[in-house]
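Asker: Sequence:
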Amino acid sequence: MAPVEFAARVRRMDQETIIGTLPGQTENDRVVIVLSQPVMGSNSLELRQQSWGEGIGWFTQSSVEMSPRQVADLRNVLGVSQTKPRLPAKFRKVSERYWQPRIARADSA
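Count along the sequence shown from 1, add 119, and you get the number used in the numbering used here.
These aren't lab readings, by the way, just hints derived from the structure by calculation.
No experiment lies behind these values; they were computed from the predicted model shown.
One or more hints might be untrue.
Stated by the list, open to error - Label-pair ranges, simulated between beta-carbon atoms:
1) Leu154 x Gly198: 18 to 28 angstroms
2) Gln168 x Val196: 33 to 43 angstroms
3) Asp133 x Phe178: 35 to 45 angstroms
4) Val196 x Gly174: 15 to 25 angstroms
5) Val196 x Glu173: 16 to 26 angstroms
6) Leu197 x Thr140: 10 to 20 angstroms
7) Asn195 x Gly172: 34 to 44 angstroms
8) Gly172 x Ile137: 27 to 37 angstroms
9) Val158 x Met185: 18 to 28 angstroms
10) Met132 x Thr179: 15 to 25 angstroms
11) Leu154 x Leu197: 15 to 25 angstroms
12) Val158 x Ile138: 13 to 23 angstroms
13) Val199 x Glu173: 11 to 21 angstroms
14) Glu173 x Gly198: 37 to 47 angstroms
Note that beta-carbon positions come from the ideal geometry of N, C-alpha and C, so glycine has one too.
Whenever a hint applies, use it, and build me the whole structure from the sequences.
Answerer: Spelled out as structure tokens, the structure:
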């Protein structure tokens, strides 16, 4: 395969981003939340139930793919607000001169 063809194929690949991991019932189980961004089509959210296998690491047992509409409906069912209240601009970033770490020392009695 020519380098140009390979580069074109790489650019067309779908992207997946892990946006969160929830602990499972045991230390060998977890749920991974993945944002899937295909080159063609719309984005989706995927919930993957994973287990740990000695010698192979984490592997997916099952998954549920959710459309943007389903994610919005889930947020509504859970009571999650669409917009979060924003802090006033003066509180968003504190200037370093107003915040300095202090080292305190306490000797035991």
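Asker: For each hint, tell me whether it holds in the structure or not.
Answerer: Now the hints, each set against the structure:
For the pair Leu154 and Gly198, the supplied restraint of 18 to 28 angstroms holds, since their beta-carbon distance comes to about 22 angstroms. Here the CB-CB span from Gln168 to Val196 is close to 20 angstroms, at odds with the stated 33 to 43 angstroms. The supplied range of 35 to 45 angstroms is broken by Asp133 and Phe178, whose beta-carbon atoms lie about 20 angstroms from each other. At roughly 39 angstroms, the beta carbons of Val196 and Gly174 sit outside the given window of 15 to 25 angstroms.
Look at Val196 against Glu173: about 37 angstroms separates their beta carbons, and that is not inside 16 to 26 angstroms. For Leu197 and Thr140, the hinted distance range of 10 to 20 angstroms is satisfied, since their beta carbons lie about 18 angstroms from each other. Under the hint 34 to 44 angstroms, the C-beta atoms of Asn195 and Gly172, about 37 angstroms apart, fit the expected range. A hinted range of 27 to 37 angstroms is violated for the C-beta pair Gly172 and Ile137, which are about 19 angstroms apart.
Between Val158 and Met185 the beta carbons are some 19 angstroms apart, a value that agrees with the proposed interval 18 to 28 angstroms. Here the CB-CB span from Met132 to Thr179 is close to 19 angstroms, well matched to the stated 15 to 25 angstroms. Distance hint for Leu154 and Leu197: a CB-CB separation of about 18 angstroms, consistent with the stated range 15 to 25 angstroms. At roughly 19 angstroms, the beta-carbon separation of Val158 and Ile138 lies within the given 13 to 23 angstroms, and the hint holds.
Our hint of 11 to 21 angstroms for Val199 and Glu173 is violated, since their Cβ atoms are close to 37 angstroms apart. Judged by the Cβ atoms, the range 37 to 47 angstroms given for Glu173 and Gly198 holds: they are separated by roughly 40 angstroms.
Checked against the numbered hints given earlier, this structure breaks hints 2, 3, 4, 5, 8 and 13; the rest are met.
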